[in-house]
Amino acid sequence: MTDAKPILRLDGIVKTFPGVRALDGVSFSVMPGEVHALMGENGAGKSTLMKVLGGIHQPDEGAIYMGDDRVVMAGPLEAKAKGIVFIHQELSLAEELSVAENIYLGELPRKSFGRVDWTTLTDKTNAILKKLNVGFDANTLVGDLSIANQQMVEIARALTVDAKAVIFDEPTASLTDAEKSVLFDVISDLQADGVGIIYISHRMEEIFKITDRITVLRDGQYQGTVNTRETNEESVTQLMIGRKLDLTRNASHHEIGDVALEVRNLSCGKLYKDISFEVRRGEVVGFYGLVGAGRTEIAETLFGLRDPSAGQIFLDGQEVRISSPADAITRGISLVPEDRKGQGLVLGMNCRDNMTLPQVDDLKAGPFVAEGAEIAIFDQYRDQLDIRTPSWRQQVGNLSGGNQQKIVIGKWLSMHPSLLIVDEPTRGIDVGSKSEIHKLLRALAAKGYAVMVISSEMPEVLHVSDRIVAMYSGRIMRTFTSDEVTEDNLIQAISGIKADQAA
Amino acid sequence: MATVSKQQIGSVLAKQGILIAFAVFIVAFTFANSKFLTVDNVFSVVRSSAILGVMALGVTFVVISGNLDLSVGSMMSFSTIVVLDLHDKIGPFLAIPAMFAMTLALGALIGFLVGYLKLNSLIVTLGMLSAIHGLTLTYSGGKNMDIADKEGTWFSVFGQGSALGIPVPILIFLLLAAFLGLVLSKTPFGRKVYAVGGNGTAATFSGIRRARTVFFCYIISSACVATAGLIQASRSLGSQNTVGQGLELEVLAAVILGGASLMGGSGTIFKTVIGVLILGFIQNGLLLLGLQFYVQFVVTWIIIILAVWLDIAAKRGKLMSPIA
Amino acid sequence: ASHSETMKIGITQNNVGVDSYQTTYEQAFIAAAEANDMVETVVLDAGGDVARQIAQMEDLIQQDVDAIIIWPTNGEAVIPAVRKASQADIPVIVTNSNIAEQGQDFIASFSGPDNITQGSRSAEIMCDKFKEMGIESEARVVQISGQPGYTTAIERAKGFEDRLPEVCPDVTLVETQPGDWNREKSQQVMEAFLVKYDDIDGVYAGDDNMGVGALNAAKAAGRDGIIFVGATNFSVGYEAMEAGDYWGSIYQSPVDDAEAALQTAIDVLEGKEVPKLNYFDTPKITQENMSEFSKPVF
Amino acid sequence: MQPGALSKALKSGAIWGFIVLELIFFSVAGSYMSLSDTAFMDWENMLLLLKQSAPIGIIAMGMTIVMVNGNIDLSVGATYAIAAIVLLDSMTWPIFAGLGDWVIPVAWLLALTVGTALGALNGLIVWKTGVDAFIVTLGSMLGYRGIVFMFNGENPTSHLNWTLVDLAEAEFLGLATASWFLLAVTGVVWFLMTRTVHGRNAYAIGDNRDAAVNAGIRVGPHMMINFAIIGFLAALSAVVFYSESGSVNPNDGQLYELWVITAVVLGGTKITGGAGSVIGTFGGVIAIQLLRKGLGHIGADTSTVNLVIGLILIAVLFLDRQLNVKGKEELKV
Ligand SMILES: Nc1ncnc2c1ncn2[C@@H]1O[C@H](COP(=O)(O)OP(=O)(O)OP(=O)(O)O)[C@@H](O)[C@H]1O
Ligand SMILES: Nc1ncnc2c1ncn2[C@@H]1O[C@H](COP(=O)(O)OP(=O)(O)OP(=O)(O)O)[C@@H](O)[C@H]1O
Ligand SMILES: [Mg+2]
Ligand SMILES: [Mg+2]
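Residue numbers (this note's numbering), protein chains in the order written: chain A, 1 to 503; chain B, 1 to 324; chain C, 1 to 298; chain D, 1 to 333.
Keep in mind the hints are simulated off the structure, nothing from the lab. Just so you know, these numbers come straight off a predicted model, no measurement behind them. Worth double-checking, as some hints may not be accurate.
Stated by the list, open to error - Taking beta-carbon pairs under 10 Å as the criterion, some of the chain B residues facing chain A (in silico): (1) Lys118; (2) Val183; (3) Lys186; (4) Gly190; (5) Ala202.
Unchecked claim - Here are some chain D residues the structure puts well away from chain A; computed CB gaps all over 10 Å: (6) Pro94; (7) Ile147; (8) Thr163; (9) Thr196; (10) Val197; (11) Phe318; (12) Leu331.
As the list claims (entries may be wrong) - Sample of chain B residues with no beta-carbon within 12 Å of chain A, all distances over it, derived: (13) Asp85; (14) Leu94; (15) Leu117; (16) Gly161; (17) Ile172; (18) Pro188; (19) Phe189; (20) Val196; (21) Thr204; (22) Ile208; (23) Ala223; (24) Ser261; (25) Met263; (26) Leu310.
All residues carry an ideal CB built from backbone N, CA and C; glycine is no exception.
Isolated chain A, as found in the complex (with noise of 0.2 Å):
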């Protein structure tokens, strides 16, 4: 393979924005067969990179190189011509159309009169999903599936072409372990027939499992290449972020304290049944299921955005309605939504403004709002989070899709909330980052705060609760102390399997 000769390679990239250089003189490439890791804090410029390459962004220096031929990538259209296939990092989909459709996007088989060939169509789609092992058919509405089958929409487009390169950027993010399982087979199939893949992610055991090489980029600029078989997860960590980072697990105990909220045999329909849990204060619950589980809609009924249809809330032993987020939040409850772009953030929006929306009524110069306190907001979170922007004038929608992240959980923390919850808190966030927030969220903890963190990462459940909830469709399997829970069981809980039945 050292012999080869690479099938893509950029040279010199550089690529500003107004007020940024994403790109600085970034090199790379990618040989047949290979899996390249493309790795970087949020905002690091991966995403450019790849976008660069897509012909969706255009390089202001550098090349692009195919085989020995330097090609300009003028649009989508010409990069997928020349067989590069492109999973983006936030989804691409067309809601209200079919699976099929969505996956031969740009490309559907056509008959006489440019009729589409509906029978052709059906039948390349489905083998591609009997392949990917997804439990949907051809003609369903995309707006009808979870995000993760979304996501796996996605992927079978890698599928669907003679590519000679594809970019999964961020594939993993809302993908359970199946089907993470899946994705990597597709992915050593493609490897097999010698295609080049570029893979962006911030989990690191995804990384080493399948990957030969791995490219650093920080703010920018190349860090440099390495073999994946030759280095570790400190070394790539250090490249990042330019330093070490304390992975070990967080185990500062302190005081656990009231019971701030108690769930009673609450039901929502038929997205969850007869929930019944508590959170103490300086307690974080972890919530880990499947996707479907039902952890969202429990998390968005708290928040005041679902009615219950049974059940009863209690907040500090005081029975309470939750009938808005308006009233949520003046209970002292704030939530990180799941979906940042739809639900987090005003995407038009500057990032001071967005991180101060939930208060804004509170921070105020007699009339008018006060823009000094906002500034100031946005300073600390800034630091702490280590969000990355020119300044809080940038609209959110031009930050990196980690540092999107950050702002939303900088909203929501400067709440000051005393029942915080999470969904999904560190999707798409980098190795430092993510730590950090792991040890804020311990930190909020010890403070007296009650926190309910819902993830679909097990290693992060494991790290920062001090329980854990496990369901399965819509139910609670079992609830687990720090002390006992282990890989096997909590996987046997999601899985339906009843904590009796189990061996």
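Position chains B, C and D with the ligands against the provided structure of chain A, taking the given hints into account.
Showing chains B, C and D with the ligands alone in chain A's frame:
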């Protein structure tokens, strides 16, 4: 640092694209007709734009919140007719608040339908356009409405008076613009309007009461319409049922010309004022040049598109759209 | 058909609600029909839309009414629909503004004002006044016409423009702009005229609503001595004449208009001889003779 | 049946349910309030309904395409008027004098070409400048209307050709020419939107423009073609209608855009694009025409008609929404 200065120029252009278009346009007309930039003419344009302008201020709120208001023209006819009718019946002191109350009630109805019932604003306000017109016709019996004693009423002050040498309609327009400009850019409510228009779901998730915010945008809009109706009624002391007919699209054109996006979440009061003035000066400038009204149509078309194009081209830093 | 019992008469109007003339016409028509036991009416409004008017004609034919009265939105476009009615043996009476030559064979009668004559009369009123003031050799006039495209607007403008040079050859018509039958629009147009022309002696407006709009503009600009002449004397115009601000107009009553149309239809159905062109008189009204006329109700 | 299929059927059925309601109401009310002896639901009357729906209906089909595509066209009324002028005026041009009645197809072709070109011009501007279609067509609504007036000032343009009128008034298998055109256009556009690559791409672009761009769909040309189609259909509507009436006022077609959009939205097309059906639009057009016709039938006066049409629009929207709420557990956003 050539790139930086280019970028700076670019960002100045991006912010002030519409202003520059406005300036270019004024200079061009001034050369074409020496009467154009005289105090009399400027006052005349601003005064006759004031009615449209006051309405556009309110519609700016609605548009930023991500909705439309096509009922303003028909609602303005309603307020004008009502206040004229009541003037002779109960006297101006009571007529004005009564008219405001009725107009605000209509605004509240629309706000309720669009905000709380979440019905599509285009269709709701289109429906209200027709329904309010029917209401006005029923109210007036289809007749023109005139104040009996035109000379002896102080009511004419809103449309015909002047203070400090400035015509009152212009004062009302500018004061209202300043006030609403502050509300929109500086108060929590204004912030919420942007948030709701930018991403309603995210705004809800941030504890903003979206329905209430939208509701108040329509209340503001109808209050502006009532003010416009007051100026209108006072200006001519008599009116037809159709006085505001067709204004909805002109108002919308002014708001959009000012750079507000129909998708919601962007736009400012200041820019709307510029949009209103551009429309007013186009109409007046072409009239002064003695062009046929249909030439004005064509020129207005070209100017609207050029102005908006320049504005967004400056924002993206490229003249042509990147759409493949 | 035998007309021993009630007559069913359908009417499709141009655009009710656009001004008080048409509304008053509609009300007068309904009142006149209700006063007559022998008559039942279907009253429709085309909202200014030809397509809707033609559809209404078809509906009336389909409902098998005894006679149709039409106030055309377009004097030519409705001809085929009128032909259909006449083919179905339903007599058609055209009201207010006539249909074109080609359609005359298909109608029983036209009843309404003569808009061209009205235009000429306005020109005469204006000219006479200029002569009285002694400025007929140099006076300058602007015209504010009705809604572009409407027969009434076109005919009045034509009558005025043709007649003025005949009676006052040295008066110049400097510019014409439409005021859309709208007082406010007319006011705006006049404001621009006033800035543009330092010397305006007369304003001809296609109706009094617009005339009064122009008058308001002149008053606001403090320009005195302009002679305002309109048409269709509305009550605002009448009042302005009383106040001495507004010189003259054409007296035209929508009630007469409506009653004449209904009566023509009844006469046709009763088999009476009716003239093909049934104009009702629309006299000149000026500050001098206005006491002979009652104040318009609309 | 897939989950959600029932609610979807109900949703697309809302407009038809509303039509049935209208029919029942006007039949019952008509038998008391109308002086006509013929019933409202008379077969002939229903055929007339279809014919009278044609002018708005044909344009509405084009609007469906453009709105599904994520745009809107406010200039259709003006395009309609221009096409009508070209149709009627060209028949009198000296160069065609020798053609006799063969001038008719030539005039049709000219009118359709002009309509298509005006539509394409809108599309080109939207494509190349990136200015929102609402603004572009709001502008050309004015500009095109200005062009209308340039033809013949404020005068109507007329040419009554009785051969043409007879052709337009002809009936084939009991249906008027206009009805056939409406049905044919509905069929063709339905085929275009559900069966062809172009149609499916239009949905994709309207649904998620970035996704379409990323997938390499040429968004610009697609939009331009769709604007050309609506221009063509606006001209076709004019051709069908003015062949029969023979004269066009310069302000004809004003407010058509609002009626057309109303029909399309009532028919279930999303204003933001990406979803909508041609059959639904057909229902929307029929519903509106029925409402106008029915109100005339029961003798409502102008102010009532305005009031009722407005309120009914809102009521339909409200009903449609009620049918679409998923249940109590729905997310409250
Ligand atoms: N369209 C844009 N306009 C302005 N700045 C941009 C734009 N797109 C990206 N940036 C900036 O470029 C930098 C690199 O962003 P990029 O999305 O490539 O990061 P990333 O490495 O993919 O991060 P993440 O891991 O968070 O996805 C960021 O600072 C971002 O704010
Ligand atoms: N039975 C189902 N069929 C189809 N879609 C479902 C079903 N249950 C849930 N979904 C959808 O799947 C998505 C994820 O479901 P949910 O939010 O309940 O999962 P979760 O436990 O919060 O998982 P996560 O937050 O990790 O995605 C939601 O968009 C939901 O609408
Ligand atoms: Mg990224
Ligand atoms: Mg979830």
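Verification of the supplied hints:
1. Given the 10 Å rule on beta carbons, the hint for Lys118(B) is violated: about 15 Å separates it from the nearest Cβ of chain A.
2. Contact between Val183(B) and chain A, as hinted, is supported at the beta carbon level, the nearest pair being about 9 Å apart and thus within 10 Å.
3. The restraint placing Lys186(B) at the interface with chain A holds, with a minimum CB-CB distance near 4 Å, inside the 10 Å limit.
4. The beta carbon of Gly190(B) is positioned within 10 Å of a beta carbon in chain A (closest approach about 8 Å), and the interface hint is therefore held.
5. Interface restraint check: Ala202(B) against chain A, minimum CB-CB distance 5 Å, threshold 10 Å, status holds.
6. Listed as outside the interface, Pro94(D) is consistent with that label: its C-beta sits roughly 40 Å from the nearest C-beta of chain A, beyond the 10 Å cut-off.
7. With a minimum CB-CB distance of about 33 Å to chain A, Ile147(D) clears the 10 Å threshold, and the non-interface call stands.
8. Even its closest Cβ contact with chain A, about 34 Å, leaves Thr163(D) beyond 10 Å, as expected for a residue assigned away from the interface.
9. A cut-off of 10 Å between C-beta atoms contradicts the statement that Thr196(D) is not in contact with chain A; the least separation is 5 Å.
10. Look at Val197(D): its CB is around 5 Å from the nearest CB on chain A, not clear of 10 Å, so calling it non-interface is violated.
11. Interface exclusion of Phe318(D) from chain A stands, the closest Cβ pair being 21 Å apart, more than 10 Å.
12. A beta-carbon of chain A is positioned within 10 Å of the beta-carbon of Leu331(D); the least distance is around 6 Å.
13. The beta carbon of Asp85(B) sits about 36 Å from the closest Cβ of chain A, which is more than 12 Å, so the claim that it is off the interface holds.
14. The Cβ of Leu94(B) sits about 30 Å from the closest Cβ of chain A, beyond the 12 Å cut-off, so the non-interface label holds.
15. Annotated as non-interface, Leu117(B) keeps its C-beta farther than 12 Å from every C-beta of chain A; the closest such distance is 16 Å.
16. The Cβ of Gly161(B) lies farther than 12 Å from every Cβ of chain A, with a closest approach of about 30 Å, so its non-interface assignment holds.
17. The Cβ of Ile172(B) sits about 21 Å from the closest Cβ of chain A, beyond the 12 Å cut-off, so the non-interface label holds.
18. Distance check for Pro188(B) against chain A: the nearest CB is about 4 Å away, which does not clear 12 Å, and the non-interface claim fails.
19. Distance to chain A contradicts Phe189(B) as a non-interface residue, since its nearest Cβ pair spans about 9 Å, not more than 12 Å.
20. Distance to chain A contradicts Val196(B) as a non-interface residue, since its nearest Cβ pair spans about 9 Å, not more than 12 Å.
21. Once the 12 Å rule is applied to beta carbons, Thr204(B) is inconsistent with being away from chain A; the minimum gap is 6 Å.
22. Distance to chain A contradicts Ile208(B) as a non-interface residue, since its nearest Cβ pair spans about 7 Å, not more than 12 Å.
23. Residue placement check: Ala223(B) keeps its beta carbon more than 12 Å from all beta carbons of chain A (closest about 18 Å).
24. The non-interface label for Ser261(B) is inconsistent with chain A: the shortest C-beta to C-beta separation is roughly 8 Å, within 12 Å.
25. Some Cβ of chain A comes within 12 Å of the Cβ of Met263(B); the nearest lies about 9 Å off, and the non-interface call is violated.
26. The beta carbon of Leu310(B) sits about 18 Å from the closest Cβ of chain A, which is more than 12 Å, so the claim that it is off the interface holds.
Figure legend: structure checked against the earlier numbered hints; hints not met, in rising order: 1, 9, 10, 12, 18, 19, 20, 21, 22, 24 and 25.
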